[in-house]
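Protein chains in written order, with my numbering: chain A, 12 to 348; chain B, 12 to 348; chain C, 12 to 348; chain D, 12 to 348.
By construction, these hints were calculated from the structure, which means they are not laboratory data. Note that beta-carbon positions come from the ideal geometry of N, C-alpha and C, so glycine has one too. Keep in mind that the hints are not guaranteed to be accurate.
[Unchecked claim] Going by beta-carbon spacing under 10 Å, a handful of chain A positions derived as facing chain C:
#: 1; residue: Gly-97
#: 2; residue: Asp-98
#: 3; residue: Val-99
#: 4; residue: Ile-225
#: 5; residue: Thr-260
#: 6; residue: Glu-264
#: 7; residue: Ala-267
#: 8; residue: Leu-294
#: 9; residue: Val-301
Number of protein chains: 4
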Amino acid sequence: MIIVLKPNTKKEDIEHVKEKLKEKDFKPMPFEGDERTVIHVIGDVRDDSPDEFKSIDCVENVIRILKPYKLASKEHHSQKTIIKIGDVVIGNGDFTVIAGPDSVETEEQIIESAKIMKANGVKIMRASAFKPRTSPYSFQGLGIEGLKLLRKAGDEVGILVETEVMDVRDVPIAAEYADILRVGARNMQNFDLLKEMGKVKCPIILKRGMSATIKEFLMAAEYIIASGNRNVILCERGIRTFETAYRNTLDLEAVAILKQETHLPVIVDPSHASGKRELVIPLSKASAAVGADGIIVEVHPEPEKALCDGAQSLYPEQLTQLIKEIKPICKAVGRKL
Amino acid sequence: MIIVLKPNTKKEDIEHVKEKLKEKDFKPMPFEGDERTVIHVIGDVRDDSPDEFKSIDCVENVIRILKPYKLASKEHHSQKTIIKIGDVVIGNGDFTVIAGPDSVETEEQIIESAKIMKANGVKIMRASAFKPRTSPYSFQGLGIEGLKLLRKAGDEVGILVETEVMDVRDVPIAAEYADILRVGARNMQNFDLLKEMGKVKCPIILKRGMSATIKEFLMAAEYIIASGNRNVILCERGIRTFETAYRNTLDLEAVAILKQETHLPVIVDPSHASGKRELVIPLSKASAAVGADGIIVEVHPEPEKALCDGAQSLYPEQLTQLIKEIKPICKAVGRKL
Amino acid sequence: MIIVLKPNTKKEDIEHVKEKLKEKDFKPMPFEGDERTVIHVIGDVRDDSPDEFKSIDCVENVIRILKPYKLASKEHHSQKTIIKIGDVVIGNGDFTVIAGPDSVETEEQIIESAKIMKANGVKIMRASAFKPRTSPYSFQGLGIEGLKLLRKAGDEVGILVETEVMDVRDVPIAAEYADILRVGARNMQNFDLLKEMGKVKCPIILKRGMSATIKEFLMAAEYIIASGNRNVILCERGIRTFETAYRNTLDLEAVAILKQETHLPVIVDPSHASGKRELVIPLSKASAAVGADGIIVEVHPEPEKALCDGAQSLYPEQLTQLIKEIKPICKAVGRKL
Amino acid sequence: MIIVLKPNTKKEDIEHVKEKLKEKDFKPMPFEGDERTVIHVIGDVRDDSPDEFKSIDCVENVIRILKPYKLASKEHHSQKTIIKIGDVVIGNGDFTVIAGPDSVETEEQIIESAKIMKANGVKIMRASAFKPRTSPYSFQGLGIEGLKLLRKAGDEVGILVETEVMDVRDVPIAAEYADILRVGARNMQNFDLLKEMGKVKCPIILKRGMSATIKEFLMAAEYIIASGNRNVILCERGIRTFETAYRNTLDLEAVAILKQETHLPVIVDPSHASGKRELVIPLSKASAAVGADGIIVEVHPEPEKALCDGAQSLYPEQLTQLIKEIKPICKAVGRKL
């Protein structure tokens with residue numbers, strides 16, 4: 012950690028900062044430059060404590076050298092996190108396609124969906140029973156009934172199922188019915204939910220918040236891991252910017268950086284990023300090319316009848332097309348689809 | 012609602028859209044222009060259903076005419092929402108100063124804080140017992156013990172107390188101990204929490220999410236109101252932008268628009284927006300001038316000892332200065348402090 | 012164009028808007044809904060004139076149906092723009108790699124650079140003689156002397172050369188020495204420069220402004236085309252967002268949309284987007300996969316000695332690696348490298 | 012400057028960085044921490060040279076301690092810049108209102124405008140002869156003819172006149188006809204224009220670019236000052252964010268910071284920020300309260316007839332109202348209007 016003092020800081024104020032540092036067991040090494048005094052600080056500073064020194068009036072800035080995440084960092088755990096669920100493996104260099112409808116709507120719809128996914132070689136089906144909706148007047152999902160239908164579809168068709176949890180109180184029951192749980196973008200910093208996710212055993216897909224920095228994203232993963240669950244899959248799903256031509260700006264640069272920074276698998280959600288089905292195939296291909304471990308896409312048996320997000324849902328035949336087009340990209344980057 | 016079709020849409024596809032609209036009891040009125048066919052739609056469309064029509068391939072865009080919020084809208088409820096708690100009134104044209112430390116730390120600290128606030132004429136003290144922290148390794152708040160200390164300080168000193176709730180399971184107990192509950196920026200779209208907030212009787216301060224649009228902000232308020240609690244106070248606290256010279260960009264233009272759009276009181280948090288105590292006074296003055304109903308600021312008996320956010324906490328004498336400087340502004344805009 | 016009136020607009024005000032519309036030769040068709048009157052307007056409205064109606068007090072919003080660009084739009088010119096310079100063709104389905112150092116520094120450096128590019132099969136070398144620098148104290152480029160060295164290198168080695176122009180007064184001389192001119196991101200809305208670019212005959216690479224919407228980007232291209240030069244190549248180079256882990260957020264979703272919206276070729280600059288050489292290869296691969304017509308990357312004979320942007324410049328052997336890795340991706344998407 | 016090396020950097024690579032630093036006359040002081048080696052660098056580093064060290068592979072980050080601007084900085088020139096034009100003084104603690112129509116349209120319109128401004132006590136009238144327009148098909152301003160009409164109006168009515176210059180070639184003639192020149196937001200980093208602005212003698216209003224950081228804004232001012240003209244007035248006019256409820260997000264926090272960082276006067280443009288006349292009065296009041304030295308607002312004799320930006324232009328009677336409402340705020344903050 013480095014502490015930059017304001018210009019013309021008095022001797023006694025420098026001493027005060029040094030005292031404060033020593034109180035916290037830091038070892039201060041001050042440098043008096045021509046225009047600024049800078050205090051180099053030796054000691055472990057992975058938590059938020061550096062920020063405390065900003066509260067001293069003569070401090071201009073506090074600069075951290077160490078990254079605030081540790082468990083999620085490749086620097087400390089160089090071995091890749093490989094996640095196994097049944098015979099599916101994520102993070103070992105394969106390319107995983109997770110696909111399914113936005114929501115569980117009816118028994119018929121979800122079983123039909125499972126069959127379509129299975130027929131296309133998809134091994135994990137996504138579908139939400141709890142729906143985060145901007146409007147209180149919109150369809151809020153089938154709830155626990157939806158979880159049960161999802162499980163039923165998974166069992167009947169023979170496909171793993173993945174679903175979102177929003178409410179801490181629903182974590183245990185969701186973990187009972189689904190194979191993978193998802194933390195949605197709006198809940199990426201719902202810290203109590205992250206802690207609950209650390210207590211279950213199934214893998215967690217953690218979606219990046221709409222305005223979360225990469226650092227905050229990794230800190231959210233750190234919460235889950237620190238609470239006991241190492242099986243975290245990061246999911247880039249678009250960030251909020253000034254552009255309005257699409258729903259969110261898919262940040263594939265983040266994927267490239269995450270692959271350098273963390274040992275956790277990284278997947279991409281091109282459906283929620285774009286909000287438009289015609290962008291899903293090109294963005295999926297770019298995701299594979301940039302180095303992602305997989306994608307999660309929305310596919311609905313009949314998108315026009317979808318109760319939510321139909322505009323971004325692929326038609327079943329488009330899923331087939333996606334798989335066909337993405338295969339040679341995966342091959343080009345040395346991944347097995 | 013207006014549906015814009017893609018160029019060169021075929022007759023049968025236009026018919027298909029019209030059929031879909033009629034199925035949902037909308038009355039379509041198509042216009043064939045030179046370059047686009049546009050379908051004007053008559054009917055009530057306050058929920059998210061317009062988005063469903065985007066799932067039809069020949070639809071280029073769906074434009075909503077009505078605003079999606081109703082209960083929070085001045086258009087439908089022209090009378091100001093005035094919130095009374097004991098002898099404090101918010102939203103009646105006065106200017107309310109809510110102040111206090113970031114967190115409840117110790118009994119001594121919170122009682123000392125309450126005395127400082129009271130001595131400066133502040134009638135509501137803020138302080139968090141549950142802390143949303145980016146890092147799992149940082150101080151997470153005293154929890155229920157903190158709630159009790161807060162209540163004790165409020166009772167002993169004679170000041171109302173306000174605190175944040177993050178976990179749905181804590182809402183009932185927090186409502187028991189505090190006079191006003193707060194939904195933090197990170198939880199603005201934690202819809203389950205919003206619904207729980209709708210079930211309690213005390214007023215709710217709803218902070219704008221860091222990347223929430225004004226529309227989404229009002230929709231979050233709509234959730235609380237629709238769930239049964241009309242006593243919502245909106246709080247602008249800075250949005251996330253590209254600028255890094257301060258923590259967040261305080262959006263006072265949003266305050267001006269909210270005062271036009273909604274009957275709910277609107278307050279401003281200049282402390283969290285800026286992250287720097289030297290900006291709090293000028294931003295507080297700007298907040299009063301732009302038309303806000305109040306401010307919520309951080310003040311700590313000894314900012315250098317604060318366990319969280321000391322850099323943005325005012326010294327007690329700065330609170331006195333703030334009150335002194337803001338008074339003539341309030342007078343200039345016709346508000347009583 | 013659709014004009015939405017404020018709630019409870021009076022009859023005479025509606026008439027006033029209708030009169031205004033008729034004055035401008037528009038044909039107004041009003042609809043009185045339950046909550047809003049909406050005026051559907053028939054007529055050509057490609058310029059900014061719709062905005063004028065916003066100045067009328069009873070107007071809540073003006074919604075445009077037609078896109079404001081025409082010459083740049085695929086809707087009006089469905090045939091791809093194919094750009095030929097010597098034996099190089101851009102926009103015909105091939106994948107074009109433009110590469111070179113950030114700046115022309117010395118004769119030796121630029122000739123050495125040209126040889127490296129040529130040896131790697133690159134047919135167009137980039138290098139700036141005029142440098143837009145944030146600081147007036149930084150290296151500002153060699154100016155006209157740099158243009159001459161660039162031409163010399165191109166001629167000696169047998170490679171096309173591309174360079175940036177910032178000042179309208181330099182357009183003619185730059186067009187004399189370079190084969191392709193570039194409008195930098197900071198000048199995307201320097202309309203006088205765009206007009207001058209319309210007067211020269213060589214192809215123009217137009218970089219997207221750091222905070223330009225896709226619509227504004229296409230309008231900037233429209234300026235060049237409307238001024239007489241159809242040979243415009245669009246270049247996505249990252250947009251400014253809240254993320255600070257890299258320099259700019261590369262917006263590959265914009266590339267996917269541009270390929271749908273416009274007949275102009277679209278290339279990507281992963282070097283300036285990321286600011287980090289280790290991200291250039293994965294982002295180049297993603298650019299090819301998403302459907303770009305090419306990339307423009309920085310390569311320097313000795314990056315550590317570069318006078319500008321060394322951190323994002325590839326080492327010569329990394330260019331070889333890039334070409335090697337990108338080839339199978341190009342093949343996978345049916346493009347020839 | 013501080014250079015942070017990547018974890019596990021080898022001894023010889025540390026030596027290499029040290030050598031590089033010495034070559035540039037910097038004095039390196041390395042610290043080997045547990046997880047990172049950090050090199051503290053003594054020496055003057057105000058230009059962009061620190062960035063060069065990022066090009067070395069073992070360098071993780073380069074952190075600057077000194078701010079890159081010097082002439083614009085209060086740290087180096089603590090005395091306020093006070094700008095005098097005739098009997099008008101800006102930056103001495105008064106509050107200056109600059110007002111006028113968006114554009115010079117006709118002789119009648121601009122003379123009528125000048126009379127309205129004068130009648131309201133306004134001493135500087137704004138109006139553009141050169142118009143930066145997103146669309147090439149929109150009104151582009153009257154050009155030099157407009158400059159002449161503006162001068163005529165100023166002389167006849169007895170009011171100072173201010174106007175925008177976009178093209179470097181127009182700077183001399185504009186300086187001949189106008190009393191104050193303006194660099195528009197889109198040209199804030201048109202460095203050749205900034206240099207030309209440094210060569211004239213009249214004051215320059217420099218508008219902040221839509222996505223410019225405060226640092227970049229001050230560096231643009233530095234360009235003008237370094238080129239010879241110290242009379243720079245900074246103008247905050249809204250930044251581009253995700254919010255679409257208004258045109259741009261007015262950043263009054265930037266005003267508060269600029270008043271701390273620089274000796275230059277700072278004014279605010281609430282008209283272009285909001286794009287809506289109903290927001291201009293509250294935002295003007297907030298600007299005065301936050302500490303700005305003035306505002307620049309659009310007022311048109313007949314907004315509905317304005318050729319550009321009528322929606323944000325005040326009616327003449329609204330200017331009177333604005334002056335009336337802003338006066339007590341100015342008094343409250345100790346400024347004379």
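Structure-based check of all given hints:
1. Gly-97: 30 Å, violated
2. Asp-98: The hint is violated - A/Asp-98 has no Cβ within 10 Å of chain C, the shortest such distance being about 27 Å.
3. Val-99: Where the cut-off is 10 Å and the nearest Cβ of chain C is about 24 Å from A/Val-99, the hint is violated.
4. Ile-225: Holds. Min distance 4 Å.
5. Thr-260: 6 Å, holds
6. Glu-264: Holds - the Cβ of A/Glu-264 comes within 10 Å of chain C, reaching about 5 Å at its closest.
7. Ala-267: Result: holds, 4 Å to nearest chain C Cβ.
8. Leu-294: 6 Å, holds
9. Val-301: 4 Å, holds
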